[in-house]
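For the protein sequence lines, the chains are A and B, in the order given. Each residue of the first sequence is one higher than the one before, starting from 1 at the first, in my numbering. Each residue of the second sequence is one higher than the one before, starting from 1 at the first, in my numbering.
Keep in mind that the hints are not guaranteed to be accurate.
Partial chain A-side listing against chain B, Cβ under 7 Å, derived [what the hints assert, rightly or not]: (1) L14; (2) L17; (3) F58; (4) A67; (5) A88.
Pair by pair, the computed Cβ-Cβ distance ranges are [as the list claims (entries may be wrong)]: (6) A:A21 - B:T45: 39 to 47 Å; (7) A:T87 - B:L185: 28 to 36 Å; (8) B:G155 - A:I15: 38 to 46 Å; (9) B:G192 - A:L109: 47 to 55 Å.
Please keep in mind that the hints were generated in silico from the structure rather than gathered at the bench. Nothing here was measured: the structure is a model prediction, and the numbers come from that model. All residues carry an ideal CB built from backbone N, CA and C; glycine is no exception.
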Amino acid sequence: MSMLPYGVSIWLFLIGLYGVATSRHLIHLIVCLSVAQSSTYILLLAIGYRHGAGPPIFLRAPVGTPAVDPVVQALALTDVVVSAAVTALLLAVAIRIHKRTGTLDPQALRPLRN
Amino acid sequence: MTPTTRRLVCFGSAAAVGGLLLHGLVRLPSFGSYRGPYGDVLNATAVGERHATNIPSAVNFDYRAFDTVGEEFILFVAVVGLAVLFREQRDQSCEQQQERRRHISEAVQWVGIGLFGFLVLLGATIVLHGHLTPGGGFQGGVILAMAALLIYLLGGDEVLERLGRRASIETVEAAGAGAYVLIGLSMLAAGGAFLENLLPLGQSGRLNSGGMIVLLNVATGVEVSAAFALLFVEFLEESRKPPREPS
Chain A
1 MSMLPYGVSI WLFLIGLYGV ATSRHLIHLI VCLSVAQSST YILLLAIGYR HGAGPPIFLR
61 APVGTPAVDP VVQALALTDV VVSAAVTALL LAVAIRIHKR TGTLDPQALR PLRN
Chain B
1 MTPTTRRLVC FGSAAAVGGL LLHGLVRLPS FGSYRGPYGD VLNATAVGER HATNIPSAVN
61 FDYRAFDTVG EEFILFVAVV GLAVLFREQR DQSCEQQQER RRHISEAVQW VGIGLFGFLV
121 LLGATIVLHG HLTPGGGFQG GVILAMAALL IYLLGGDEVL ERLGRRASIE TVEAAGAGAY
181 VLIGLSMLAA GGAFLENLLP LGQSGRLNSG GMIVLLNVAT GVEVSAAFAL LFVEFLEESR
241 KPPREPS
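Using the sequences and the accompanying hints, generate a full structural model.
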């Protein structure tokens, strides 16, 4: 079972990609992209985890207490911020597409229509 | 491409990518046995070196502070790009503001006013204690932006709109992002490297410790709260307009 988090991460990434590829609605597509992106959080945090270790915060716990890796946690924070920025921008693009074409179905948006 | 072929292509490539990922991840140390060394080195030395007790925050705003400049500007550029995208369109359509009075119950207003102060305090606390406990500029900034969203819920549409139109939110956002870079440059001027922590470090565990980390957290908190507030204002203003006829 020690590989389970890595498996969950791969599965989330693939299921998100599947959603993006087969989506019939742009909002659904953006959510699927977020799902695929969330696989990276699990991967990062799983790599830095250590059984029985506490958080890398030494306000109460003395320095030297076993703690998980703080570097991947900092990276996960960056990841979340980028994900939020990307989602916001894509939602704005989806709104523009809807106003322009009246549809949110990506498969109805052919380059040669109109 | 028909949906069936699309699905087939997707399954084929997903199997290939999944196989590659599995191949790459299977040799990693098994879950729960992190071997280091970077995290262990930081956990052992960061408190002594930087007097900050929240190590991820010390990583983000000190050891890797330069990367956080990039992170800040990703958010900045995304939100400004979103505003540009919406406003260009809004200028094209004629200004037909329909007056829409919403009815907001008194209970919502009273609870909201109480929550507003609580959210502002909570956000400020999380920003200011970023170097001590979990939290920091990004997390606290989002909470502060929720306070702006609460103004909308309380019927303060005009307040938010005026803020959005007068471009004051963008100014605050740009000021936050600029302050971060200026702090880095002032370290350069003081004889150090860009974003090197040269300020007095104080005593570990106290609010006034960690040197530059607190200042960077505040700059980030200002930038993030303004960025998310701008995001809400733009989306809300967009939802007020009647949809245009499909062309």
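Status of each hint after checking the structure:
A distance limit of 7 Å between C-beta atoms decides the matter here; for L14 (chain A) the minimum to chain B is near 5 Å, and the interface restraint holds. The criterion of a C-beta within 7 Å of any C-beta in chain B is met by L17 (chain A), whose closest approach is roughly 6 Å, and the hint holds. Given the 7 Å rule on beta carbons, the hint for F58 (chain A) holds: about 5 Å separates it from the nearest Cβ of chain B. Because the closest C-beta pair between A67 (chain A) and chain B is about 5 Å apart, less than 7 Å, the hint holds.
At a threshold of 7 Å, the smallest CB-CB gap from A88 (chain A) to chain B is about 5 Å, leaving the interface hint in force. The hint said 39 to 47 Å for the Cβ distance between A21 (chain A) and T45 (chain B), and at roughly 46 Å that hint holds. For the pair T87 (chain A) and L185 (chain B), the supplied restraint of 28 to 36 Å holds, since their beta-carbon distance comes to about 32 Å. G155 (chain B) and I15 (chain A) have their C-beta atoms about 41 Å apart, which keeps the hinted 38 to 46 Å range intact.
Taking the beta carbon of each, G192 (chain B) and L109 (chain A) are about 52 Å apart, inside 47 to 55 Å as hinted.
Consistency note: the structure conflicts with none of the earlier hints.
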